Amino acid sequence: STLLADLGDEGSHRVNVTLDQVSPKLVQGTVAIEDKSFWTNSGFDPGGIVRSGLSDIQHGEVVGGGSTITQQLVKQQFLNSSETYQRKTKEVVLAYRMTQKYSKQQILELYLNKSNYGELQYGVEAASRTYFHRDAKDLDLAQSALLAGLPQAPAAWDPIQHPDLARARQQQVLNAMVGAGYIKQADAQAAAAEQLQIFPPSNSTYQAPHFVGYVRNELEELGFHPGQQQLVVKTTLDWNKQQMAQQAVTQNLQRNAYRDPGGLLSSSTVSLDPKTGQILTYVGSPNYNGDAGQYDFVSGKPVNPGSSLKPFTYADAIANRQLTMDTPIDDGPSPYKLTQAGSSQPYSVLDYDKKAHGMQPARVALASSLNIPAVKVEMALGVPAMVDFWRKLGLRPRDGSGNANAPLSAYGPSTTLGGAPVTLLSEAAAYATLATLGTYHPPEAILQVTDVNGRVLYQADPNKDARQVLDPGVAFIVAQMISDDQNRVPPMFPRGSALNLAGHRVAAKSGTTDNFKDALTAGFTPDLASVFWVGDIKDSSHTLAGGSDGVFVAGPAWNQYMSGALKGVPDHWYTPPADVQRGAGNSWFLQDATSIAQLPGDTSASPTPSAQPSPGTTGVPANPAAAPIPVGGNGSDQQPQDNQPSPVPTGGVPSPPGRNRSNPLFGDAVPSQPGNNG
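When we follow my numbering, the leftmost residue of the sequence shown carries the number 111, and every step to the right adds one.
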């Protein structure tokens, strides 16, 4: 086994201060957002308890809420985070006793010194020195409001990983301070407009530091208090594979540095055991201590996946009996135009080479990554229904405002082409679902938690949350479509590329954004699923050089890792499920849908294909490329720029993640929304 990190006692990361050494604005902001009756209550808020109880009744379980600052301190010090009526009752009793024994100033001082402000920063002084390079007593209103909002959900509102969510939470604090009479509206507006410089923590000495951070968040979601409790945590990480993945990231960036002169090239990767959902490798950035290395592109910042999500669109259509792998789809006309609600400009779709290629069987259209057929399949499904289906597989695309929980109607036709960013972890989990022929396993980072005496406090059960979300026959057919190199037809897409592994059959798909900002490759065998991403993260004026396609930029790194990780593993493929039957050649069909002559809605006569590009004409073979977003579009198709988080949607900050991990932080699946077809 390998020691990844010794988090130590939180006191080693904490600097205690007295209340008069804390900015009054931070004190006021904390009280306003956490416990507005703090100075007068008896340690608990009867009204809050009633409101929380009504919420529990509505949800049919104890969902929490209504805790005062004193109750939160009690929970930090003495209790676990489980939400039970017994624990809540004990919390209220202890909070009352604490109020009788200590002054309000002492309680608030202890709370400010003990609270977690994210990035292993415990207490306001440590957080202030880390994020703002100044003492807590010297914080201005904007800085104070940002810090005051963090303790309730330090992972979800981490100002390094999620600066947009942290700023939205800051606005909530400022509004609460206005409501409490601590500041005027003009003060709040000025603070909200202030451009804050937020510094990341100093260099990390942890092994796999981004994974360590993810594990820490998972521990807190499980109800543990890392840093307060003495715990021994056994994780899922395979250290040998982790080193292979890190080496693949590093070497691949060196090979591709010439593609991004003057920019800032980054990369990340994650791999899962499909049979369990266990996270085997997790490289959030090339170098945690390098430029922008603290950004976690596995589960933190979503990326634009390009065309790498097309297999899930085709899976939905096959499941709905709208096409087979041999159904012809018209790759034209070019450009293919769709009317957009609320806009006089049509949404225009082009293939990578900007040409039409006539009628193509679905297996070729998918494996050769033709954009026009993919959008036609998407429109036959209906975008809302398609997104609903994706969510069942664990994919939670962001809408134009960055909301992963947006109404299904918020997504537009560019979604299947990569117009809605996702986390790499959620994409890996979706590919792992194909690898298990339709069984979804939530990503798991922790195998076991014990105390220092060896008593087991938590034991992972890979089958506990597993569920069949896709028909095995459908998953098998999609795996056939993207594992057969004959379905990649030059010059539309190269054969013999990095999407093939020597000695192993593998299903794989690459993706590229239309401005060459992001390149991605994802794929799986029955034993391993992984995703590799490479992209420029500097600003909108910096992109990779033209022709920096996912198959060429991310593909070799993905291939390098998969080849190394599968070395010595026997090559094997799937036994055809009972509900499929073989057709001519390499074709496979669902038994009740062996012949579907036409994709619904694909009724236009196929134009004469334009001249096929010869090798060398375009510089690169056709490859997944996100369709351009038309000016004046409907907003739901706007792609975030520069890999920066999108602004928080109007309506407030998303709730912090719970153990069901339906929050975008964890990239988990949620049940389909009521009343929607999927």
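Think of the hints as simulated: they come from the structure by calculation, not from any bench.
It is possible that part of the hints are untrue.
Mimicking PhoX-like on lysine-lysine, the simulated pairs with C-alpha atoms at most 20 Å apart in a straight line are [stated by the list, open to error]:
| hint | residue 1 | residue 2 |
| --- | --- | --- |
| 1 | Lys-146 | Lys-185 |
| 2 | Lys-344 | Lys-294 |
| 3 | Lys-294 | Lys-146 |
| 4 | Lys-224 | Lys-247 |
| 5 | Lys-211 | Lys-224 |
Estimated spans, in silico, between C-beta atoms of each pair [stated by the list, open to error]:
| hint | residue 1 | residue 2 | range |
| --- | --- | --- | --- |
| 6 | Gln-317 | Asp-702 | 46 to 56 Å |
| 7 | Tyr-316 | Tyr-368 | 57 to 67 Å |
| 8 | Glu-304 | Gly-400 | 20 to 30 Å |
| 9 | Phe-309 | Thr-112 | 26 to 36 Å |
| 10 | Pro-456 | Pro-156 | 54 to 64 Å |
Note that this is a predicted model, so its numbers are computed, not measured.
For glycine and all other residues, C-beta sits at the position ideal for the given N, C-alpha and C.
(message) Run through the hints listed earlier and report the numbers of any the structure violates, in increasing order.
(response) 2 and 7
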